[in-house]
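Listed here are the chains, written in short residue letters.
There are 2 protein chains.
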Amino acid sequence: MADYEIFVTYKEGIFDPPGVTAERALANLGYQGVDEVKIGKYIRLSGDVDTSQVTEMCEKLLANPVIEDFRIESA
Amino acid sequence: MADYEIFVTYKEGIFDPPGVTAERALANLGYQGVDEVKIGKYIRLSGDVDTSQVTEMCEKLLANPVIEDFRIESA
Numbered sequence: 001m002a003d004y005e006i007f008v009t010y011k012e013g014i015f016d017p018p019g020v021t022a023e024r025a026l027a028n029l030g031y032q033g034v035d036e037v038k039i040g041k042y043i044r045l046s047g048d049v050d051t052s053q054v055t056e057m058c059e060k061l062l063a064n065p066v067i068e069d070f071r072i073e074s075a
Numbered sequence: 001m002a003d004y005e006i007f008v009t010y011k012e013g014i015f016d017p018p019g020v021t022a023e024r025a026l027a028n029l030g031y032q033g034v035d036e037v038k039i040g041k042y043i044r045l046s047g048d049v050d051t052s053q054v055t056e057m058c059e060k061l062l063a064n065p066v067i068e069d070f071r072i073e074s075a
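Protein chains in written order, with my numbering: chain D, 1 to 75; chain W, 1 to 75.
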């Protein structure tokens, strides 16, 4: 059994609608100091699988490699 | 300027539909070793704000404290 943490983020230059929405909402709540918000996915995966399999899972299902980057860490 | 990483996860016992969907899809793709998948949010926030303000932002907007936990790290 192994535990992994996977961080999925939009690639540089790809529009991030939830992030922009959060920026505006935070400004409306009075947090003027916020410069940028980016919202991605934080996936925790456990099982009898190795890192190369988890990489494959990210490429095939957990991330969209066209517009997203992912980073895998053993937890 | 400070950079923060925020990890938003469902509280223990709260149903995680995207996680369960990913588990099933991975099983259908042939990854029989996967035990559990949990899908949360990975937020990167930068600005002229301190940790107590970021905690407030999580409580008010970025997370739903009723069903989600959050963890903040300086990046």
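Any given hint might turn out to be false.
In this list, chains with the same sequence are indistinguishable; a pair is considered to hold if it fits within one copy or across any two.
Stated by the list, open to error - Keeping only pairs whose Cα atoms sit at most 25 Å apart, straight-line, the calculated PhoX-like set for lysine-lysine is: (1) K60 - K38; (2) K60 - K41; (3) K11 - K38; (4) K11 - K60; (5) K41 - K11.
Since the hints were derived computationally from the structure, they do not count as laboratory data.
Taking the hints in turn, this is what the structure says about them:
1. Taking the closest pair of Cα atoms, K60 and K38 come within 25 Å of each other both inside a single copy (23 Å) and across two copies (17 Å).
2. In this assembly of identical chains, K60 and K41 lie within 25 Å of each other by CA distance both inside one copy and across copies; the values are 15 Å within and 20 Å between.
3. Proximity of K11 and K38 under a CA criterion of 25 Å is satisfied in both settings, with 11 Å inside one chain copy and 22 Å between copies.
4. When the C-alpha separation of K11 and K60 is checked against a cutoff of 25 Å, the pair qualifies only within one copy, where the shortest distance is 17 Å, while the shortest distance between copies is 27 Å.
5. Proximity of K41 and K11 under a CA criterion of 25 Å is satisfied in both settings, with 13 Å inside one chain copy and 16 Å between copies.
In this structure, every one of the numbered hints holds.
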